[in-house]
Amino acid sequence: MIPIPLFGWLVVLLFGVPLAASASGDPTPSDCTPAIALRSVVDDRPLVIPEEEVTDAVAAFLCTGRNPLAASEEAAERGRELYRRNCQICHAEDGDGRMGPSLIDDVWMYDRVASEVGRFEIIYGGGVGVMRAFKGKLPAEDILAIMAYIGKLRERAAGDGRE
Amino acid sequence: MHRTASGGIASLILLFAASAVAQPRLPANADEVARPGGDLPGDPKIALVKVADGFRDPTNVTNAGDGSGRIFVVERAGRIRVVRKDGTVQEEPFLDLTNFNPLGTDVMTQFVEQGLYAVAFHPKFKENGYFYVHYASLPFNGDGLIVRFQVDPENPDFLTPERVRETAKVIMRIPQPWYNHNGGQIEFGPDGYLYIASGDGGWEGDPLEAGQDLSTWLGKILRIDVDVPDDRIPYLIPPDNPYAEAGKERLMFLFGISEEEFARIKTRVRPEIWAIGLRNPYEFAFDPKTGDIWIADVGQNHWEEVNWLPAGYTQELGAANFGWPLMQASKCHPMLGDPKEQSCPQVGILPVAEYPHQQPWPGGPKLKDGWGCSVQGLGVANYGGMEGVYLVADWCTGRIWGAGWSEEKGGWQFEELLRVDLMITAGGYDEDGYVLAVNANNFYLDDRGADANPPGALWRIVPADEVPEGAETAPVVR
Chain A
0 MIPIPLFGWL
10 VVLLFGVPLA
20 ASASGDPTPS
30 DCTPAIALRS
40 VVDDRPLVIP
50 EEEVTDAVAA
60 FLCTGRNPLA
70 ASEEAAERGR
80 ELYRRNCQIC
90 HAEDGDGRMG
100 PSLIDDVWMY
110 DRVASEVGRF
120 EIIYGGGVGV
130 MRAFKGKLPA
140 EDILAIMAYI
150 GKLRERAAGD
160 GRE
Chain B
0 MHRTASGGIA
10 SLILLFAASA
20 VAQPRLPANA
30 DEVARPGGDL
40 PGDPKIALVK
50 VADGFRDPTN
60 VTNAGDGSGR
70 IFVVERAGRI
80 RVVRKDGTVQ
90 EEPFLDLTNF
100 NPLGTDVMTQ
110 FVEQGLYAVA
120 FHPKFKENGY
130 FYVHYASLPF
140 NGDGLIVRFQ
150 VDPENPDFLT
160 PERVRETAKV
170 IMRIPQPWYN
180 HNGGQIEFGP
190 DGYLYIASGD
200 GGWEGDPLEA
210 GQDLSTWLGK
220 ILRIDVDVPD
230 DRIPYLIPPD
240 NPYAEAGKER
250 LMFLFGISEE
260 EFARIKTRVR
270 PEIWAIGLRN
280 PYEFAFDPKT
290 GDIWIADVGQ
300 NHWEEVNWLP
310 AGYTQELGAA
320 NFGWPLMQAS
330 KCHPMLGDPK
340 EQSCPQVGIL
350 PVAEYPHQQP
360 WPGGPKLKDG
370 WGCSVQGLGV
380 ANYGGMEGVY
390 LVADWCTGRI
400 WGAGWSEEKG
410 GWQFEELLRV
420 DLMITAGGYD
430 EDGYVLAVNA
440 NNFYLDDRGA
450 DANPPGALWR
460 IVPADEVPEG
470 AETAPVVR
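In order, the protein sequences belong to chains A and B. At position 39 of the first sequence the residue is numbered 38 (numbering that gives the first Met the number 0), and the sequence of numbers has no breaks. At position 435 of the second sequence the residue is numbered 434 (numbering that gives the first Met the number 0), and the sequence of numbers has no breaks.
These are computed hints drawn from the structure, not numbers from a lab. Fair warning: there could be bad hints in the mix.
Said to hold, decoys possible - Cross-link-like lysine-lysine pairs, in silico, PhoX-like; alpha carbons within 25 angstroms at most: (1) B/Lys84 <-> B/Lys123; (2) B/Lys365 <-> A/Lys151; (3) B/Lys288 <-> B/Lys44; (4) A/Lys151 <-> B/Lys367; (5) B/Lys44 <-> B/Lys367; (6) A/Lys151 <-> A/Lys136.
Stated by the list, open to error - Stretch by stretch, here's where chain A covers chain B in the computed footprint (C-beta under 8 angstroms, at least three residues): (7) 366-372; (8) 388-401; (9) 442-453.
Claimed, not checked - Label pairs and their in silico Cβ distance ranges: (10) B/Gly64 <-> A/Asp110: 46 to 52 angstroms; (11) A/Asp159 <-> B/Asp337: 17 to 23 angstroms; (12) B/Glu208 <-> A/Asp43: 47 to 53 angstroms; (13) A/Thr63 <-> B/Trp202: 43 to 49 angstroms; (14) B/Glu153 <-> A/Asp43: 50 to 56 angstroms; (15) B/Gly409 <-> A/Asp110: 35 to 41 angstroms; (16) A/Asp43 <-> B/Leu235: 56 to 62 angstroms.
Glycine included, each C-beta is placed from N, C-alpha and C at the ideal position.
Start from the sequences and build out the full structure, keeping to the hints where you can.
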């Protein structure tokens, strides 16, 4: 049997061409070549989002590197519940970290994670040890919703003067 | 003449003092506790070479000491797998606790910390075929069972379900109040006694105050003698256990007795206790060269702790006390803020090394490097420039540190040797004394079941310049 190394999660899925029009014929932004090439923050391997997860928001994110849901209250609300279920045990309710690092300060384990692209990469593709890839467990757009909620947590922390 | 003689004695004493200072010793205060950033002698460089893979949630690994070269990998579900000398994995498990009970598995694995924890082979396994396991029992609602089994000399690689049932001798049942911090390593010491690591029973903050409570086995290292003259007796208490005699019934006398003698009477004590004040000593190991014991005690919110006692350690009164729950590593527990601004009495023996979580205290700074969240002891390396270096792996961050004494610096050192992208759960030795490690792929929120999680692997820790050609090494993090 072939062993599954820990970052078997990061195996490139070749069919995922992020900007190709999706099967359902959804419109995708056409004015953004080249798309951002996502990588694993751990070993730089390419990280590709399967086509069926490339929603409009995801496509826009891959064009601009900015989370298009960042300002959406609705997405942040959805992200709150996803965060509670998937992240809170390690990063704490307020995002200040416990088993995992704080998400509301500016100390980042990898320089790339200071950007939204890097943050998406570590959540979707995984970091080291217990920070496992959420690829395959949560669709890419859910990650953007969680990031919108993390943005709220960061705003809240900045408001408390805690940042 | 007179003068010369005393001068000679003085310099002898000085010499003695100097050599005494250079020997490994227990830290006298928190400043002598090693933290990340240390510098081990011999400039060790290590690599993890894959020995075998395809193991389901491996929780431990050891050898039988019988010259067979076999490595035994413990799987959480309740199986022990054999890796043969040539590196192939035997299809049939050596031991299977999931099918000897007609009602189904005998092992509780519902919570990710529960399952089969460890196996230890009797020092005379080659002659008597005895080995011992520690597991969370399903029929006993998660209580820890220590059970002896005996291999069939005709069939030394495999116990049939009948053989399991027929040879099982329950040595001990450790009642467990909660589903976490139960586990533990079991291992024979150089003295031939069985040592049992017993967590504080769980929840958080040690709500039972088990660590300091002499009337419970929880939060301790226990030591028992399994070589009984008659199998109707489960085990014996080694006569030099710290509380071997403390609880026995006796006549009471009040006067003409020293305070020291009174202090030896502890009416509620459990005589199996060998060391106290531990939170979750999931892994410990003996140095195969010196017999020193090393204990990796998993910490709570802020610090992980690495304990050491020299071989044959005894103290005037009572048992070695590692402080939990009054202390966590060299700090106060509970931690209320900056340790510089919080004081508490130093209880018992300090760890020789400790490392922080990302936030070393509530409200403290957030670290970028040198942190972790759960210490797993692997084993003591006496090769590759390392002498008596205890290797530990952080389960959360993949950092592998070595803890060891530096004669040159006259103190303990704790150095990060490698960072790998693996969740390492435990370690052990092969018959050549190389330290082994196993990694699993499960987490509290991400547990599909002990037989359904992505498999883990067995690794040998070798000097970096001794990696065999073509060998697969663990993925290293820059």
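Evaluation of the provided hints:
1. Straight-line distance between C-alpha atoms of B/Lys84 and B/Lys123 comes to about 20 angstroms, which keeps the hinted pair within the 25 angstroms bound.
2. Straight-line distance between C-alpha atoms of B/Lys365 and A/Lys151 comes to about 20 angstroms, which keeps the hinted pair within the 25 angstroms bound.
3. Between B/Lys288 and B/Lys44, the direct Cα distance comes to roughly 20 angstroms. Compliance with the 25 angstroms bound is thereby established for this hinted pair.
4. Using a Cα cut-off of 25 angstroms, the hinted pair A/Lys151 and B/Lys367 holds, with the two alpha carbons roughly 23 angstroms apart.
5. Of the pairs offered as hints, the one joining B/Lys44 and B/Lys367 holds, with about 23 angstroms between alpha carbons and a cut-off of 25 angstroms not exceeded.
6. Between the alpha carbons of A/Lys151 and A/Lys136 the distance comes to roughly 23 angstroms, so the proposed pair stays at or under 25 angstroms and holds.
7. Interface restraint, the segment 366-372 of chain B with chain A: holds (3 residues with C-beta to C-beta distance below 8 angstroms; minimum three).
8. Check on the segment 388-401 of chain B: 5 of its residues sit with their Cβ under 8 angstroms from a Cβ of chain A, so the three-residue criterion for coverage holds.
9. Taking a C-beta to C-beta cut-off of 8 angstroms, the segment 442-453 of chain B contributes 5 residues in contact with chain A, enough for the three needed, and the coverage statement holds.
10. A beta carbon spacing of about 48 angstroms between B/Gly64 and A/Asp110 agrees with the range 46 to 52 angstroms that was offered as a hint.
11. In this structure the hint that A/Asp159 and B/Asp337 lie 17 to 23 angstroms apart at CB holds, the actual value being about 19 angstroms.
12. One distance hint, 47 to 53 angstroms for the beta-carbon pair B/Glu208 and A/Asp43, holds here, with the actual separation near 49 angstroms.
13. Between A/Thr63 and B/Trp202 the Cβ separation comes to about 47 angstroms, which falls inside the hinted range of 43 to 49 angstroms.
14. As the Cβ distance of B/Glu153 to A/Asp43 is approximately 54 angstroms, the hint placing it in 50 to 56 angstroms holds.
15. A hinted range of 35 to 41 angstroms for the beta carbons of B/Gly409 and A/Asp110 is consistent with their spacing of about 38 angstroms.
16. In this structure the supplied range 56 to 62 angstroms holds for A/Asp43 paired with B/Leu235, their Cβ-Cβ distance being about 58 angstroms.
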